[in-house]
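Protein chains: 2
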Amino acid sequence: MKKLPDIHDIREVTRSALFRVEQLKLRFSNGAERTYERLAGFGQGHQAVMVIPMLDDNRFVMIEEYAAGTEDYQLSLPKGLVEAGEDLLDGANRELKEEAGYGARKLEHLTEFTLSPNYMTHRMQIVLAQDLYEERLEGDEPEPLGVHVFSFDDLPELITRPDFSEARALAALYLARDTLSGRNHS
Amino acid sequence: MKKLPDIHDIREVTRSALFRVEQLKLRFSNGAERTYERLAGFGQGHQAVMVIPMLDDNRFVMIEEYAAGTEDYQLSLPKGLVEAGEDLLDGANRELKEEAGYGARKLEHLTEFTLSPNYMTHRMQIVLAQDLYEERLEGDEPEPLGVHVFSFDDLPELITRPDFSEARALAALYLARDTLSGRNHS
Numbered sequence: 001m002k003k004l005p006d007i008h009d010i011r012e013v014t015r016s017a018l019f020r021v022e023q024l025k026l027r028f029s030n031g032a033e034r035t036y037e038r039l040a041g042f043g044q045g046h047q048a049v050m051v052i053p054m055l056d057d058n059r060f061v062m063i064e065e066y067a068a069g070t071e072d073y074q075l076s077l078p079k080g081l082v083e084a085g086e087d088l089l090d091g092a093n094r095e096l097k098e099e100a101g102y103g104a105r106k107l108e109h110l111t112e113f114t115l116s117p118n119y120m121t122h123r124m125q126i127v128l129a130q131d132l133y134e135e136r137l138e139g140d141e142p143e144p145l146g147v148h149v150f151s152f153d154d155l156p157e158l159i160t161r162p163d164f165s166e167a168r169a170l171a172a173l174y175l176a177r178d179t180l181s182g183r184n185h186s
Numbered sequence: 001m002k003k004l005p006d007i008h009d010i011r012e013v014t015r016s017a018l019f020r021v022e023q024l025k026l027r028f029s030n031g032a033e034r035t036y037e038r039l040a041g042f043g044q045g046h047q048a049v050m051v052i053p054m055l056d057d058n059r060f061v062m063i064e065e066y067a068a069g070t071e072d073y074q075l076s077l078p079k080g081l082v083e084a085g086e087d088l089l090d091g092a093n094r095e096l097k098e099e100a101g102y103g104a105r106k107l108e109h110l111t112e113f114t115l116s117p118n119y120m121t122h123r124m125q126i127v128l129a130q131d132l133y134e135e136r137l138e139g140d141e142p143e144p145l146g147v148h149v150f151s152f153d154d155l156p157e158l159i160t161r162p163d164f165s166e167a168r169a170l171a172a173l174y175l176a177r178d179t180l181s182g183r184n185h186s
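Each protein sequence line maps, in turn, to chains X and L. Residues 1 to 186 (my numbering) are what the first sequence spells out, left to right. Residues 1 to 186 (my numbering) are what the second sequence spells out, left to right.
If you are wondering where the hints come from, they were derived from the structure by calculation, not from laboratory data. For clarity, every value in this text was computed on a predicted model and none was experimentally measured. Don't take every hint at face value.
One copy or two, it doesn't matter: identical chains are merged, so the pair holds either way.
[As the list claims (entries may be wrong)] Keeping only pairs whose Cα atoms sit at most 30 Å apart, straight-line, the calculated DSS-like set for lysine-lysine is: (1) Lys97 <-> Lys25; (2) Lys2 <-> Lys25; (3) Lys25 <-> Lys3; (4) Lys3 <-> Lys97.
Looking at chain X on its own, in the form it has when it is part of the complex (with noise of 0.2 Å):
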């Protein structure tokens, strides 16, 4: 394992309502010094997960949302943030009623994603839901969300198209395919 960098100043360079930049000042082992900004505090400190809803081993539920980055409706997975003193389930389990109409029975966290590890310190669980029933919560969304359902063999179609491009969300489906069909297991 390398020596890590040290790390001989972080201070905050700006900040807006939802986002935090840092500045970093390193020094790596072979001397080298550089400074690295980095996104912190999207998200404000809270958990941020993602959940994988499946009606059966195949077919899942997507959520289709206005996003103002790409300024289009998007193709996602459920996601948001646990709250104050919520488990991470059960924070799963409530953005999954929010957003697509749905509670699960069985909830189980896959496994940890970064979104650009150079320059962002975000991390996403990402939470696999099985054994789904009806219920909708009221959540804060401005309109309600588009509720699709896709099975794995939609994926080859599914990312050519230009309304589905998060790569976090491709990559839990993914996982969820190999998860489930215990190749991961092998």
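With chain X's structure known, arrange chain L on it following the hints.
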């Protein structure tokens, strides 16, 4: 297809050396109004590219680099920004040579990923690189990157490693596996 919200104001909230935050005022088609923030300009207008370097149809090359966001060494795929006036595939090949010490005789654009389309404008092009040969170009890294060879058979073990967390890299590898096994053409 749903009617897009009306964006009636976009203004810059703050910026740093690397990041730029915008505020958007939106009116949804049902009349609901929201003020959103998004990360814009990460990458400063240049196309971002990630390369999957295949040694054969099963083995691929990963790099090991210090990640300032997670403060550890992370395994990922070679990536970077296409330079002004540079073709996407030429930029992919240059990054491959700088970061992994390989060039590719065959480069193919597979898809475009977003990071977090609700909150970021960022897009990344995913390029499959085959028919590799050894060639190293000098990059601007503070220290030489680790270069490691894995195969698709290692994916179940890789996803359990805390030093392999980047969702884009995992999605790209799954996509390459499906593409090379013909699963995406059936």
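Taking the hints in turn, this is what the structure says about them:
In this assembly of identical chains, Lys97 and Lys25 lie within 30 Å of each other by CA distance solely across copies; the values are 27 Å between and 43 Å within a copy. In this assembly of identical chains, the alpha carbons of Lys2 and Lys25 lie at most 30 Å apart only when taken from the same copy (19 Å versus 46 Å across copies). Taking CA atoms no more than 30 Å apart as the test, Lys25 paired with Lys3 passes inside one copy only; the shortest distance there is 16 Å, against 46 Å between copies. Taking the closest pair of Cα atoms, Lys3 and Lys97 come within 30 Å of each other only across two copies (25 Å); inside a single copy the shortest separation is 45 Å, beyond that limit.
In this structure, none of the earlier numbered hints is contradicted; all agree with it.
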